[in-house]
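A.B. asks: In the order they appear, the protein sequences are chains A and B.
Read left to right, the first sequence gives residues 7 to 548 (our numbering).
Read left to right, the second sequence gives residues 7 to 548 (our numbering).
Derived by calculation from the structure, the hints in this document are not laboratory data.
One should not assume that every hint holds.
Repeated chains share a single entry, so a pair holds when one copy, or any two copies, can fit it.
Said to hold, decoys possible - When the alpha-carbon atoms are kept at most 30 Å apart in a straight line, the in silico DSBU-like pairs for lysine-lysine are as follows:
hint : residue 1 : residue 2
1    : Lys187    : Lys391
2    : Lys463    : Lys502
3    : Lys463    : Lys131
4    : Lys131    : Lys531
5    : Lys502    : Lys391
Number of protein chains: 2
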Amino acid sequence: MNGPLRIAIAQIDTLVGDADHNAERVIAHARRARDELGAHLVVFPELTLTGYPPEDLLLRPSMIRWCRDALERVRAEVDGIDVVLGLPWQDGAGLHNAAVVLRDGEVIARYAKMRLPNYAVFDEKRYFVAGRRPTVFECRGRRVGLTICEDIWDPEPARRAREAGAELLVNINASPFHRGKQQERIATLGQRVAETGLPIVYVNLVGGQDELVFDGRSIVMDAVGEVVWQGPAFAETLAVVEHPLPAGQAVHPETEQPPEREIYDALVLGVRDYVEKNGFPGALLGLSGGIDSALTLAIAVDAIGPERVEAVLMPSRYTAQMSIDDALAEAAALGVAHRTISIEPAFRAFLRMLEPAFTGLAPDTTEENIQARCRGIILMALSNKFGRLLLTTGNKSEMAVGYATLYGDMAGGYAPIKDVWKTLVYRLARYRNGIAPVIPERVLTRPPSAELAPNQKDSDTLPPYEVLDPILERFIEHDQSVEEIVAAGFDADTVKRVAIMVLRNEYKRRQAPPGVRITPRGFGKDRRYPITSGYHRYVRGH
Amino acid sequence: MNGPLRIAIAQIDTLVGDADHNAERVIAHARRARDELGAHLVVFPELTLTGYPPEDLLLRPSMIRWCRDALERVRAEVDGIDVVLGLPWQDGAGLHNAAVVLRDGEVIARYAKMRLPNYAVFDEKRYFVAGRRPTVFECRGRRVGLTICEDIWDPEPARRAREAGAELLVNINASPFHRGKQQERIATLGQRVAETGLPIVYVNLVGGQDELVFDGRSIVMDAVGEVVWQGPAFAETLAVVEHPLPAGQAVHPETEQPPEREIYDALVLGVRDYVEKNGFPGALLGLSGGIDSALTLAIAVDAIGPERVEAVLMPSRYTAQMSIDDALAEAAALGVAHRTISIEPAFRAFLRMLEPAFTGLAPDTTEENIQARCRGIILMALSNKFGRLLLTTGNKSEMAVGYATLYGDMAGGYAPIKDVWKTLVYRLARYRNGIAPVIPERVLTRPPSAELAPNQKDSDTLPPYEVLDPILERFIEHDQSVEEIVAAGFDADTVKRVAIMVLRNEYKRRQAPPGVRITPRGFGKDRRYPITSGYHRYVRGH
Numbered sequence: 007m008n009g010p011l012r013i014a015i016a017q018i019d020t021l022v023g024d025a026d027h028n029a030e031r032v033i034a035h036a037r038r039a040r041d042e043l044g045a046h047l048v049v050f051p052e053l054t055l056t057g058y059p060p061e062d063l064l065l066r067p068s069m070i071r072w073c074r075d076a077l078e079r080v081r082a083e084v085d086g087i088d089v090v091l092g093l094p095w096q097d098g099a100g101l102h103n104a105a106v107v108l109r110d111g112e113v114i115a116r117y118a119k120m121r122l123p124n125y126a127v128f129d130e131k132r133y134f135v136a137g138r139r140p141t142v143f144e145c146r147g148r149r150v151g152l153t154i155c156e157d158i159w160d161p162e163p164a165r166r167a168r169e170a171g172a173e174l175l176v177n178i179n180a181s182p183f184h185r186g187k188q189q190e191r192i193a194t195l196g197q198r199v200a201e202t203g204l205p206i207v208y209v210n211l212v213g214g215q216d217e218l219v220f221d222g223r224s225i226v227m228d229a230v231g232e233v234v235w236q237g238p239a240f241a242e243t244l245a246v247v248e249h250p251l252p253a254g255q256a257v258h259p260e261t262e263q264p265p266e267r268e269i270y271d272a273l274v275l276g277v278r279d280y281v282e283k284n285g286f287p288g289a290l291l292g293l294s295g296g297i298d299s300a301l302t303l304a305i306a307v308d309a310i311g312p313e314r315v316e317a318v319l320m321p322s323r324y325t326a327q328m329s330i331d332d333a334l335a336e337a338a339a340l341g342v343a344h345r346t347i348s349i350e351p352a353f354r355a356f357l358r359m360l361e362p363a364f365t366g367l368a369p370d371t372t373e374e375n376i377q378a379r380c381r382g383i384i385l386m387a388l389s390n391k392f393g394r395l396l397l398t399t400g401n402k403s404e405m406a407v408g409y410a411t412l413y414g415d416m417a418g419g420y421a422p423i424k425d426v427w428k429t430l431v432y433r434l435a436r437y438r439n440g441i442a443p444v445i446p447e448r449v450l451t452r453p454p455s456a457e458l459a460p461n462q463k464d465s466d467t468l469p470p471y472e473v474l475d476p477i478l479e480r481f482i483e484h485d486q487s488v489e490e491i492v493a494a495g496f497d498a499d500t501v502k503r504v505a506i507m508v509l510r511n512e513y514k515r516r517q518a519p520p521g522v523r524i525t526p527r528g529f530g531k532d533r534r535y536p537i538t539s540g541y542h543r544y545v546r547g548h
Numbered sequence: 007m008n009g010p011l012r013i014a015i016a017q018i019d020t021l022v023g024d025a026d027h028n029a030e031r032v033i034a035h036a037r038r039a040r041d042e043l044g045a046h047l048v049v050f051p052e053l054t055l056t057g058y059p060p061e062d063l064l065l066r067p068s069m070i071r072w073c074r075d076a077l078e079r080v081r082a083e084v085d086g087i088d089v090v091l092g093l094p095w096q097d098g099a100g101l102h103n104a105a106v107v108l109r110d111g112e113v114i115a116r117y118a119k120m121r122l123p124n125y126a127v128f129d130e131k132r133y134f135v136a137g138r139r140p141t142v143f144e145c146r147g148r149r150v151g152l153t154i155c156e157d158i159w160d161p162e163p164a165r166r167a168r169e170a171g172a173e174l175l176v177n178i179n180a181s182p183f184h185r186g187k188q189q190e191r192i193a194t195l196g197q198r199v200a201e202t203g204l205p206i207v208y209v210n211l212v213g214g215q216d217e218l219v220f221d222g223r224s225i226v227m228d229a230v231g232e233v234v235w236q237g238p239a240f241a242e243t244l245a246v247v248e249h250p251l252p253a254g255q256a257v258h259p260e261t262e263q264p265p266e267r268e269i270y271d272a273l274v275l276g277v278r279d280y281v282e283k284n285g286f287p288g289a290l291l292g293l294s295g296g297i298d299s300a301l302t303l304a305i306a307v308d309a310i311g312p313e314r315v316e317a318v319l320m321p322s323r324y325t326a327q328m329s330i331d332d333a334l335a336e337a338a339a340l341g342v343a344h345r346t347i348s349i350e351p352a353f354r355a356f357l358r359m360l361e362p363a364f365t366g367l368a369p370d371t372t373e374e375n376i377q378a379r380c381r382g383i384i385l386m387a388l389s390n391k392f393g394r395l396l397l398t399t400g401n402k403s404e405m406a407v408g409y410a411t412l413y414g415d416m417a418g419g420y421a422p423i424k425d426v427w428k429t430l431v432y433r434l435a436r437y438r439n440g441i442a443p444v445i446p447e448r449v450l451t452r453p454p455s456a457e458l459a460p461n462q463k464d465s466d467t468l469p470p471y472e473v474l475d476p477i478l479e480r481f482i483e484h485d486q487s488v489e490e491i492v493a494a495g496f497d498a499d500t501v502k503r504v505a506i507m508v509l510r511n512e513y514k515r516r517q518a519p520p521g522v523r524i525t526p527r528g529f530g531k532d533r534r535y536p537i538t539s540g541y542h543r544y545v546r547g548h
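Excised from the complex, chain A in its bound form:
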């Protein structure tokens, strides 16, 4: 036989909806894999040509045609190496989530994904019909079985590829990140290896796409279930592996890392790709002196550099001097330009304008919201005038219970920490300070406050975050009932009050900007709740 098969893993960052751009990247990477790495085969992520997820662009016949045309370009412009790439493919049975193998101007094999995920953030049954047949192609005398993403989470597609003669499985992916996801992937691949005895080359997408971040970390697992190669996290790579593997090459690249690191890196990549792929010259945000905006600022700076980020301080009569000092210290520590615009003139104007309507009525959250919305107007005006993306700074705990002002602090195009529980915000801030101190210690220890009323503290209205967050996680991410949460040791009245707050604030979340998903259930496409609902009656009554 011809010696080992050299397989290049192209862990790239595609752009959703731009088949020409993605085809150009395929061509460039394929040529590099051939010329620089001496690869015989190069493997790209799932739906390479559309990016992932293309969503309803898949319903446009022109999108499908564009992918065919882009495939033609790749076919015509690459030779001397086999190319595995993904694209939507229409045949008599319908539209498939497909992989094709190109060799010297010919499509030598085609595979249609058998398992279509239609849960969590996935809607693949909305677009695709499932494939029914395994595909095995030969490359330099080696028989390679093709599978696509979800296929590998089920025993059958891998088993059928082996029955069809595969000696090696290639699995192309667009597998989004959430905390701990890589461990799940490695365990699952281990099961498939145990069942089939076949090594697996698992190639994942990398990059941010609206609420999703794909973390890369492609995996090569040998026939005894060892991870022998792993791609970098949150970065592109083009690397080559051999089949069969040379003896003694098993490595364990996944060194033990703090869980904060992968989450922080996911947030940074999510923000960077949102800014870059949408063509923003930079970003801005309101810096309050609190922990949420401090962390968001650090993420933004790590994503796109301090010179492209602007911090805006917007004090009011309720802002403590300490908050201003801390905000200025954060901007200085990160090297970010800042400006200060007091909201008082506009706040006073609104109070006067509304005086006739509000005569005799006590101040309430209405007046708090006006302050937050004055800040929203200032930030949006700066965003409109200078073209920078406005980042919102709300965390998942706030989003969950509605402790945020629509069109106020919720105003903005992207919400970096909207899937980060408040207790995790603190952990991430400490993690970031461990790299270099950018957030004053006092910000991490002061009681959190929205500073919208005299001496206000979050704990006036909400349970302590150490109590609130685990209740929210159980109710939202694990669908636990009030009874189950109470049985885990939480106070029944608190649990009911929190659950009802979550249900009642669906209307706010519906109008929130997208942000990076880092949990198995964010407030995005993976949580689809009615606004109009009587379910809170169940919570109240049980």
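Fit chain B to the supplied structure of chain A, relying on the hints for placement.
C.D. replies: Chain B alone, transformed into the frame defined by chain A:
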């Protein structure tokens, strides 16, 4: 035999997520059907106990348990009549979208929906596994075949029910309205009757649920394909029909009506149910003197009555006296309270506050947006203080091209006309004026303007709506490509510019409030587009 079977059609308005409430309504209607109508069988809409669509409430085990408990209540409290109702049902195969038949405390039959829609606004494959077997039960010697909604849009489930012995099909539905939907339903039922020779009792849900409106209009079609009974549109009913039908009873209740009527009625019911089911004491809106807010005001008044609606005039330096006069005339014609709050003090305050940042820069849309956002703050302050729902007044043409200000005129909880093209706004206004004149003629003939800059007109920025709307409808509702739209006679540059505006403004729509869907593709769950996308490059290049 025992004479004809008397079937009661319970076309009711359920509340999503409240199984107890829905069970109570089932019990009350079943007793009335038995006692007042002498019915032997009463049929309720699809997923009666959860309402439709329950969305991710279905992922909560407690929701499924609650439905079981609610079913127990119905079982225990109704006798002397067979009850067909819908609920989610868990068995060994998974969760089903099911129908059960109750008789005197027993579940005598159960059916699992065979065809699960997973397109447009539907996500049923996210929750349910498909049933595989027909269900036929006997009631007073008549063999009734059960089907659920989507089942009837495909030949197989009806055919299999007939093969299993059915002499009559009952089809329970949660079929949302869009323009012309009833004609589609009647044509489809006609096909099933032609294939099976069986009469069909089609029972539909009625009511508004977030973006969806269910129009009722339940149908009884006889064995030769004649509509012999039709339920009212956009209203509840409990009525009885007989099987076999008495001779000579064929009727044609669907008299020819202007298409504007069903759309207007859908908008009214959507607003009413959103207000009532969410417990708002009333609604308010900004009344500009333009056609959009005039129509929205009329809809709101027709939905909940003039005494629960408030109009707010918010003039600026750019507001024409004519606009104020027309707005006052509209409020007076509809008997609605109004107040006037000039935005000038706040607008001037923001311009001064931003002067240092904007020195040397020409005014642009930034300053226009500040005005719209000052209005948003005033309206939201009134909404917060008095608890009334803020209605936004933007139409579908504006939503499509982004001719609206985020957190400005887009601020609000519900958007009654967000799925209504501007040209249809005019038609609906004329239709409403035909009932009683509530919108001054001048409002229908003036060139539309946002009045955010001197002598501004929509046509400064946008093509005339008579050109814009058909381009948008083709691009958005029919997924046509630029080439196809140009081939239909539109200017290529205009089509490209419009298409790119649509694609570029996805971020605004993502933060828009829900509103009534009246077309086959609204800007809601039935159009899922990426924000980050390079697809506009295809539009530009082709």
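A.B. asks: At most 30 Å between C-alpha atoms: does Lys131 with Lys531 qualify within a copy, between copies, both, or neither?
C.D. replies: both (15 Å within a copy, 15 Å between copies)
A.B. asks: Between the shortest in-copy and the shortest cross-copy C-alpha distance, which are at most 30 Å for Lys463 and Lys131: within, between, both, or neither?
C.D. replies: Neither: 46 Å inside a chain and 44 Å across chains, both beyond 30 Å.
A.B. asks: Since the copies are identical, ignore which copy is meant and state whether Lys463 and Lys502 lie within 30 Å (CA to CA) inside a copy, between copies, both or neither.
C.D. replies: Cα proximity of Lys463 and Lys502: one copy only (22 Å, versus 51 Å across).
A.B. asks: Could you figure out if Lys187 and Lys391 sit no more than 30 Å apart (CA to CA) within one copy, between two copies, both or neither?
C.D. replies: For Lys187 and Lys391, the Cα distance exceeds 30 Å both inside one copy (40 Å) and across copies (45 Å).
A.B. asks: Could you figure out if Lys502 and Lys391 sit no more than 30 Å apart (CA to CA) within one copy, between two copies, both or neither?
C.D. replies: between (45 Å within a copy, 26 Å between copies)
Violation of the numbered hints given earlier is confined to hints 1, 3; the remaining hints are satisfied by the structure.
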